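S.K.: Residues per chain are reported as follows:
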Amino acid sequence: MFNFCTDPDTLPKLEWFACYLTTGKHMGFYFSFGTVLLLLAITAPAALLFGFGGASAARARFLPLRWFGKAYISIVRGVPDIAFFLFFVIALDQGFEWMRHKVKCPDWDQPIRQGNDFVVCAQAKLPLGTAPQWVHETYGFSLAVLTFAIVFGAFSANVIYGAMRAVPKAQIETAEAYGMSRRQTFWRILVPQMWVFALPGLSNLWMVLIKATPLLFLLGVEDIVYWARNLGGTANPRFTDYPHADWRMWYFLALLVFYLLFTKVSELVLDRIMRRLSHGQDTAAGEAQRRAAGGPP
Amino acid sequence: MSCWQTVQDYALRSVGIGERLLPREDFTLCEQFTLIGSGMIWNIYFGLVALLAGFFLATALAMGKASHNRLLRKPSEWFIFLFRGSPLFIQFFFAYFLFLSLKGVSSVFDPFTSAGLGAAVVLFFNTAAYTGEIFYGALLSIPRGDLEAADAYGFSGWKKFRKISWPTMLRLAWPAYTNEAIFLFHATTLVYFSGFPAWQQRGDALYYASYFADKTFNPFIPYPILAMYFILFTLSVVGVFGLINRRLNRHLPAERRSKLRLRPNLLR
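Just so you know, the sequences run in chain order F and Z. Residue 1 is where the first sequence starts when you use UniProt numbering, and the numbers rise one by one after that. Residue 1 is where the second sequence starts when you use UniProt numbering, and the numbers rise one by one after that.
Next comes chain F alone, as it looks inside the complex (with noise of 0.2 Å):
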């Protein structure tokens, strides 16, 4: 990075740190906080997504779709998420090849399922045995971003689910009495006034959903984790690529002081929309700002 990094004899001075953190795999390491945020920013709007789906399934008046809706927040929410991110990431590689499979390979005669094995034809491999390296990469990558929108989906179902509920029930009773069909009401009435209700239940999430991202190790993306656990590694004590002893405390230190700022950053942040969204509603928090601004109690 630095030219006076060419110089031997920097080993043993303070600017050897400079150099020691820009090397290129540390730009990895660097890199994949990148991988983290953008897993957030992906995941967000997924998992809203889901939720709302989710919620909506709920409380629909088809019964098996209500069911449907049902099953899936209180399944989700009764097991080990953990135990959901190792099950959903094989579960989901396996169903997408499976149905690739049928489309693809209709005359295969052979079970997919042999013994210990799961085989399915060559074409319908995904990605394909001949795709390249960032192919890999990527296709593994949107898995995780599946499976956490799939887990938190069912959180932020089961928030949404309350705040629709927490809409005062005059309003909805008001809406039909001037005739809006089922679809309306939901529309236009339901659906702009949740968001206050589910907003407190969200921020939580999100806090949630920040300390989950570590967990994108176990599903086999180079995260954040994985480069400290290879960068303070030493890769055999005698032998070694790195000119250190075993610096994983200190990597994940870092790990830990990022996440704290990550949550406090977020708290003063959410803390702020809250604020925003609380002015002027019929709230304790509304109310709390008004006498705060000097309005008749």
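FYI, nobody ran anything at the bench for these hints, they're computed from the structure. Some hints here could point you the wrong way.
To be verified - Simulated pairs of lysine-lysine, DSSO-like, Cα-Cα distance not exceeding 27 Å:
(1) F/K70 <-> F/K169
(2) F/K102 <-> F/K125
(3) F/K125 <-> Z/K215
(4) Z/K74 <-> F/K264
(5) F/K104 <-> F/K125
(6) Z/K215 <-> Z/K103
(7) Z/K160 <-> F/K102
(8) Z/K215 <-> Z/K74
Note that this is a predicted model, so its numbers are computed, not measured.
With chain F fixed as given, assemble chain Z onto it according to the hints.
M.R.: Showing chain Z alone in chain F's frame:
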């Protein structure tokens, strides 16, 4: 091999008693049930140790955070922020490598690098922080009338805390604490997926479930078995906590009793 034989071989495998080699091929349902159930021993151990020890530290933390003394308040606030603000997963990794470095300094730290002690310590601190926050919230919402009545009866200091504040705090916090307990039991599955190694393949329920899923390429059997165990266990936790809740509320008229409302399980 009959199923009973499998149970004898593997029921205590996770603590190192019984057959040493894990099954390698032709996995039967019986083997999966037995081994995953055997792994639950660790989940229950971690959960119980952390919960019992964490309860006392949490009370202290809540008292500290509600204290007017800066020297007591600041450390409690920082402790709670540290453990609630960062992912448990990273805490496990950091703690493991910390203990590994400390091992070089003194042999006192040798046992901490094993999951049985090291991970239990991390879980203990973690649940103490989460529970401390719950207790702190409950401490602030003790009805003022109760405290004034205690003053009127001449209670003060330790006696007031022991007879009035503490039981009321527990009663108010109990529904949230039940959720925290469930949540903690679910979090114990992270132990063997962070830095802590499963020595001689003695792991927890999820460790064995993922072992089977890796070997058979079929996630649709081991994970539902694991889910079943956890749902059963969650139900029994709810049962026990419900009994305690009933005892804490026994002096109240029926309609004022706080019901357990279960909102279990978010990741931490």
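S.K.: Indicate, hint by hint, whether the structure satisfies it.
M.R.: A quick look at each hint next to the structure:
| no. | hint | result |
| --- | --- | --- |
| 1 | F/K70 <-> F/K169 | holds (22 Å) |
| 2 | F/K102 <-> F/K125 | holds (12 Å) |
| 3 | F/K125 <-> Z/K215 | holds (19 Å) |
| 4 | Z/K74 <-> F/K264 | holds (17 Å) |
| 5 | F/K104 <-> F/K125 | holds (10 Å) |
| 6 | Z/K215 <-> Z/K103 | violated (34 Å) |
| 7 | Z/K160 <-> F/K102 | violated (72 Å) |
| 8 | Z/K215 <-> Z/K74 | violated (50 Å) |
The structure fails hints 6, 7 and 8 (numbered hints given earlier, in ascending order).
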